[in-house]
Amino acid sequence: MGAVLPSRALPRTAVPWTRRRAAAWVFPLVFAAAGVGAAAHLGLGPARLVAGFASVGGLLARSWPPTLSDPMTTLVNVGITTGMAVAGTALGLVLALVLAVLAARPTAPSRTVRSAVLAVIVAARAIPDVVFAFFFVAAIGIGPLPGVLALGLHSIGMLGKLVTEAIERTDDGVREAVAGTGAGPLQRLASGVLPQIVPSVLAVTLYRVDTNFRTSVLLGAVGAGGIGLQLSTAFGFTNYPEATGLALVTVAVVLLLEAISAGLRLLLLGSAHTRGAALPPVRGTRVPWTRGRLITHAAGWTGLAAVAASCWATGATPSELPGLVTGSVTALGRFWPPSFAPVAGIIGPGLAETCAIAMAATFLGVLAGIGLGLAAARGVLPGAVYAAARGVLVLLRSIPDLLLVLVFVAAFGLADGPVAGACALAVFSTALVGKLVADAAEEVRARPREAIRSAGAGRAQELATGLVGPLVPALVGNAMYALDVNLRAFFVLGIVGAGELGFAISQNLRLLNYDVVTAIVLPVFVLVLAVEAVSTRVRGTLR
Amino acid sequence: MHGRVTAGTVPRARSAPTPAAVEVAALVKTFGEVRACDGVDLTVGGGELVGLLGRSGSGKSTLLRHLNGLTRPDAGTVRVLGTDVTGARGPALRALRRRVGVVFQQFNLVGRLTVLENVLTGALGRVRGPRYGLITWSRADRADAIVQLDRVGLADRAYQRAESLSGGQQQRVAIARMLMQRPELVLADEPVASLDPETAASVMDLLFRICVEDSLTIVCTLHQIELALSWTRRVVGLRDGAVVLDAPTHTLDTERLRELYAEAGPAARTGEGASPGSAPAGGTAASRGSALAGGTAGGESVPRAGDRPEVP
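Chain order of the listed sequences is A and B.
Numbering of the first sequence is given in the numbering used here, commencing with residue 6 and proceeding in unit increments.
Numbering of the second sequence is given in the numbering used here, commencing with residue 433 and proceeding in unit increments.
Hints are all accurate, no fakes.
Here chain B is said to cover these stretches of chain A; the calculated rule only asks that three of the stretch's residues, wherever they fall, bring their Cβ under 8 Å from a Cβ of chain B:
1. 174-186
2. 198-207
3. 287-295
Calculated from the structure, these hints are not laboratory results.
Here a beta-carbon is modelled for each residue, glycine too, at the ideal position from N, C-alpha and C.
Work out the full structure, taking the sequences as your base and the hints as a guide.
Encoded structure:
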């Protein structure tokens, strides 16, 4: 027995090729190759990139100092855009709450209803908000209301999914206790489910208002009005100082809304108002005004007032409902069936171009995003670099995608639309990937890295071993997510008219050829779904 | 033990026979392979203080959950307060639940809501429409809730968040919620299993004192023998989903009850004959018979001589 051991060959040092390991190698290589190929297809070389960014710099220099010719109109437009975001989110929330109750396991009336409603929620997420906006503009004409409807219906996707999950996380015991008192179905929802989901519903709703504001800037250019329309008009008239002024206002509002929503989250969901503060003595049935109760009431009533004001300002009132229904039915007939004939020649090359734009943008965005994200993760680089990177990241994230596309198309010229679009989306992806990388890096940070440092590793070694390894799966997921977002951003390009398909969309919208618009949107939509399916598989393999 | 238990044990004082609060017959419930209830018969008369004892997995919680329709049986009948729970749906079931208060092991309060709101939940069965927030409740309901809180000694905590209370306090709030319901029957599922011994004793005392004061019927699952001996007046023992013991508490002692928790199953002991404290097949049948007999006799559930295997 003892002789066996020494005579045995050394254990194999070759790492076995598992599916996961193969994917971890193959994916980045394929991704890089596709990115480089896409850039080549668009004619986007390093020289072009440098020249392009230089012309953006030139454009910015020419548009300095910014002007604001009509501050009152701008203020009203900001109000309309904010109102659209608030009313749209409120609409989405109400619909999502109803659908989530029907879709969540503990509250669903039956399995059939549950699956049907889940399908509706998935569909609402899959259909881009811009497509909803095209449809409602065709149905009821331009104005903020189609924007509200588009935001509301598209928001159902994300809100519905998260609220459903929140309901499924509620404590069975509490629901049973409420049911045990003989409460009816609505009472069980109000007393057994609602109090438990309020914190998560609040958090996702506040987050969604931010997202919807950025989208409502975009929808403005589709016909919903507001600051988005004013922005694209200023760019259209090549009034760049004015455009810069409006852009600064928009970014400032985004940052302000983000700060408000972060503050509200802290105020309403933080532990601050649950503990501490001694309670006044109980005096009969008079409910004492504790700090927590004051905050809840103030925020609640202000929120309701804001929603009411937004609905009034955007014309989202119940009296519009009959017109909306008849208009939608008529519009369905104008969008369907699709008419492929007028665009048959350009769909093939157009799709290839759309893919190339998205792929090149994602590739560049991931490269830049990794760097920015790592720099902006707490504890990776020295404090000053971290602070600067964090600032750049927050700023980049607050720029609506429409604004980026407008700036790059203005700098490159519409003839160079695809390249301009790819660059704009690359900047957008940089912010997206950067944020995700920063979050992921902060998550994997602490303990394993401490262990590596204790083993005597230098800083670079520590980063390489402790960060890169765990980050790869997250990165692949982020890259696929960014690709998905960039494919959907095709519709932004369409609004501006960049790229072959984008130009065709904006032309046919102007000519009211809605059946042709469907013929262009449909293949892109299928493409988006296909990429999503692939991305789910890739992420599953690497998990 | 043999000397203590005599034939013709005097039942506890009860003036007039009251109709049965709980009538369970041949109840069968399986979860996959597990037979949680395997032909349970049980009758509980009005005003009885019954402890359900047994090892975890013996089916006592499942039995309890059948009594307010939270679980539906595979076979058998369950009548509670004159209502057939098995057949009850929708409004009929809610009407029954309104009359049956439940106290849970995990209290099941909404931690984010105030103590008072949690207590008010108990009144949902008799108000119309959903409620959210204290101001949606009438002043009378709020006053009532504070009275119930006062009974459990927590009126001064009315406007505090429920999650800021200790476990024992939370269970007291849950008892106040149960009282708010003005129930006729109380079901308690391991009400003190999550509490430390001292708190457990005070909560048990509170719960049973209230039941006696308001002449409520209580069926309480427990797994601590001492608690059962101290507070209940009748003990029903379950093993593998069947009733294997049903006797007035004063005829029992720790040693006798410990048999319920012994490792060997009833099958292993059937061959031994009627050894003291064991519950062979015949004994099980006898206890079923006594439970049913008690039901027909109008809540007289105390067994007569000869029903018990342990009676000489």
